[in-house]
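Colleague: Given chain A's structure and the hints, the job is docking chain B with the ligands onto it.
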Amino acid sequence: MKKKKKWPEDWQDLNPGCMVFEPGSAREYHTGSWRAERPIFDESKCIRCGVCYIFCPEGCISQNKNGYFEADLDYCKGCGICAHECWPRAIKMIEEG
Amino acid sequence: MSKRIGMEIALAAAEAVALCKPDVVAAYPITPNTHVPEHLSDIVAEGRLDAEFICVESEHSALSACCGASGAGARSFTATSSQGLAYMSEIIPIASSMRLPVVMIVGNRALSGPINIWNDQSDIMYQRDSGWISMFAANGQETIDMAIQAFKIAEHRDVMLPVNVNLDGFQLTHVVEPMEMPDQKEVDSFLPPFKPIATLHPDKIVSMGTLGLPEIFNETAKSKDEILKDSRRVILEVWKEWEEKFGRKYEPIEACEARGSDVLLMTLGSMGETAEVAVEEARKDGISVGLLKLKLWRPFPFEELRKAVKGCKVLAVLDRAVSYGGPGGPVFSEVRSAFYDMQERPVVINEIIGLGGRDVPVSDFRKIIEKSVQAIKTKPEEEYEIFGVRGS
Ligand code: SF4
Ligand code: SF4
Numbered sequence: 013m014k015k016k017k018k019w020p021e022d023w024q025d026l027n028p029g030c031m032v033f034e035p036g037s038a039r040e041y042h043t044g045s046w047r048a049e050r051p052i053f054d055e056s057k058c059i060r061c062g063v064c065y066i067f068c069p070e071g072c073i074s075q076n077k078n079g080y081f082e083a084d085l086d087y088c089k090g091c092g093i094c095a096h097e098c099w100p101r102a103i104k105m106i107e108e109g
Numbered sequence: 028m029s030k031r032i033g034m035e036i037a038l039a040a041a042e043a044v045a046l047c048k049p050d051v052v053a054a055y056p057i058t059p060n061t062h063v064p065e066h067l068s069d070i071v072a073e074g075r076l077d078a079e080f081i082c083v084e085s086e087h088s089a090l091s092a093c094c095g096a097s098g099a100g101a102r103s104f105t106a107t108s109s110q111g112l113a114y115m116s117e118i119i120p121i122a123s124s125m126r127l128p129v130v131m132i133v134g135n136r137a138l139s140g141p142i143n144i145w146n147d148q149s150d151i152m153y154q155r156d157s158g159w160i161s162m163f164a165a166n167g168q169e170t171i172d173m174a175i176q177a178f179k180i181a182e183h184r185d186v187m188l189p190v191n192v193n194l195d196g197f198q199l200t201h202v203v204e205p206m207e208m209p210d211q212k213e214v215d216s217f218l219p220p221f222k223p224i225a226t227l228h229p230d231k232i233v234s235m236g237t238l239g240l241p242e243i244f245n246e247t248a249k250s251k252d253e254i255l256k257d258s259r260r261v262i263l264e265v266w267k268e269w270e271e272k273f274g275r276k277y278e279p280i281e282a283c284e285a286r287g288s289d290v291l292l293m294t295l296g297s298m299g300e301t302a303e304v305a306v307e308e309a310r311k312d313g314i315s316v317g318l319l320k321l322k323l324w325r326p327f328p329f330e331e332l333r334k335a336v337k338g339c340k341v342l343a344v345l346d347r348a349v350s351y352g353g354p355g356g357p358v359f360s361e362v363r364s365a366f367y368d369m370q371e372r373p374v375v376i377n378e379i380i381g382l383g384g385r386d387v388p389v390s391d392f393r394k395i396i397e398k399s400v401q402a403i404k405t406k407p408e409e410e411y412e413i414f415g416v417r418g419s
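Chains as they are written, first to last, in this note's numbering: chain A, 13 to 109; chain B, 28 to 419.
Extracted from the complex, chain A is given alone in its bound form:
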């Protein structure tokens, strides 16, 4: 299968004003590749308050079927805001690699 181009080849191919006509296309950009640290969630300390979910600037934290929260590492940029905001200290940032 031909790989879909990530960006227009020539300047003439740009949409007017760089408008994007395809909804949800930001999903194709895996901003998680920038990350230097990743969040580790400790469910034994988590009180399922959802504060991490509210504060994550990437909107990449979601609730799993057990009611606990986890980060989608394709998009988590490792900023550590979730760990900073989680007051029961259920999230630890660890170095990548």
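One should not assume that every hint holds.
To be verified - In the EDC-like style, the derived pairs of lysine to aspartate or glutamate whose C-alpha atoms are separated by at most 16 Å in a straight line are:
1. B:Lys231 / A:Asp22
2. B:Lys394 / B:Glu268
3. B:Lys251 / A:Glu34
Unchecked claim - Part of the chain A face toward chain B, derived, beta carbon under 8 Å:
4. Trp19
5. Pro20
6. Asp22
7. Leu26
8. Pro28
9. Cys30
10. Met31
11. Val32
12. Phe33
13. Gly79
If you're looking for bench data, these hints aren't it; they were derived computationally from the structure. Just so it is clear, CB atoms sit at the ideal spot from N, CA and C, and this is done for glycine as well.
Modeller: For chain B with the ligands alone, kept in the frame of chain A given last:
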């Protein structure tokens, strides 16, 4: 049918904008452009214009509101001056790069400091490289005509760019002049409804103002440059149509007594009117002098300029702004670079005049003409000067 009126130019500008039926007007009052949005708010309150008038808390918000409205498909208008324009700075290049055809009237006023509310053109020159179409009116008639033309040019499918129409603060904004005001029918037949490329609407989802990665940024710059340059074609088309419909001719550079003249003055904005009087006087005294009035500042009319100076020996460019620590005035630097590859080119001198409302009477233009005549024989030592500075 057009009606002959006598009116303050800022109020007439608002009347002309109202004839274009903008859907959204968002503005914050600032001297000397205040009467433009103030009068528009009156027109909306009187029920003569069915527009959303947004009383924003700042100019940054004014242009932001216009951008949002334009993205949603509304014809949008704002007006400002000086520090207000500077406060819009963050949004100004966003409007052009998102191809939002907002129209803005700028009542040109000096940028602080020292704090000064009077006229020069340093405010718009500060925004020179922001990707907008930029034109200058020399009088009231040109102001109202350009305000109407601006919407048609901005919203043309090949353009889709914001336009700023400049008029000198006080010298024009607060002056009562006789003008021909087109009527609603005439404007309706000239200006079609705004048809946006896409609108922000949940039925058909689009994203505007997204991130541009380094992999496409050079291409976006090339596209902005090409589209702005190409807008010249549409501007000329619209001006031609205007001339056919309303009988008033518009050109990127209006030449008065220019052909065959040894000396030419080049002006931008209202100073062209005073310069014209000085040129007429000087010609009566047997001096070979003419005048070029620059009306289109962006896209810059390189071709027309090179043609207009054929055979002229000295061109005196009059600027109403300084590029501090740089090559003199902003118009001067454009003009000189336009001539670089020409085999035969005039000597170009630069007089920076009328800063912060300093009066420039006909006698000063006569002095500049004299200096230019002398420059035919001996090129002046300094490349540019701020005219009439005490102590120099
Ligand atoms: S903020 Fe902490 S405690 Fe609250 S849901 Fe997230 S991980 Fe659990
Ligand atoms: S580290 Fe930052 S981006 Fe990643 S999940 Fe936490 S808040 Fe979101």
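Colleague: All hints, please: hold or fail.
Modeller: Structure-based check of all given hints:
As the CA atoms of lysine 231 of chain B and aspartate 22 of chain A are separated by approximately 26 Å, the hinted pair breaks the 16 Å bound. Under the criterion of a C-alpha separation no larger than 16 Å, the hint pairing lysine 394 of chain B with glutamate 268 of chain B is inconsistent with the structure, at around 39 Å. A distance of roughly 22 Å separates the Cα atoms of lysine 251 of chain B and glutamate 34 of chain A; the hinted pair therefore is violated under the 16 Å criterion. Look at tryptophan 19 of chain A: its Cβ gets to within about 5 Å of chain B, closer than 8 Å, so that hint holds up.
Interface restraint check: proline 20 of chain A against chain B, minimum CB-CB distance 7 Å, threshold 8 Å, status holds. Because the closest C-beta pair between aspartate 22 of chain A and chain B is about 7 Å apart, less than 8 Å, the hint holds. The restraint placing leucine 26 of chain A at the interface with chain B holds, with a minimum CB-CB distance near 5 Å, inside the 8 Å limit. For the restraint placing proline 28 of chain A at the interface with chain B, the shortest Cβ-Cβ distance is roughly 5 Å, inside the 8 Å limit, so the hint holds.
The interface hint given for cysteine 30 of chain A holds, since its Cβ lies 6 Å from the closest Cβ of chain B, which is under the 8 Å cut-off. Annotation: interface hint on methionine 31 of chain A holds; nearest CB of chain B at approximately 5 Å, less than 8 Å. Of the supplied interface hints, the one on valine 32 of chain A holds, with its beta-carbon coming within about 4 Å of a beta-carbon of chain B, less than 8 Å. Here the hint on phenylalanine 33 of chain A is kept, as its CB sits about 5 Å from the closest CB of chain B, short of 8 Å.
Evaluation of the glycine 79 of chain A hint against chain B yields a violated restraint, the C-beta minimum of about 31 Å exceeding 8 Å.
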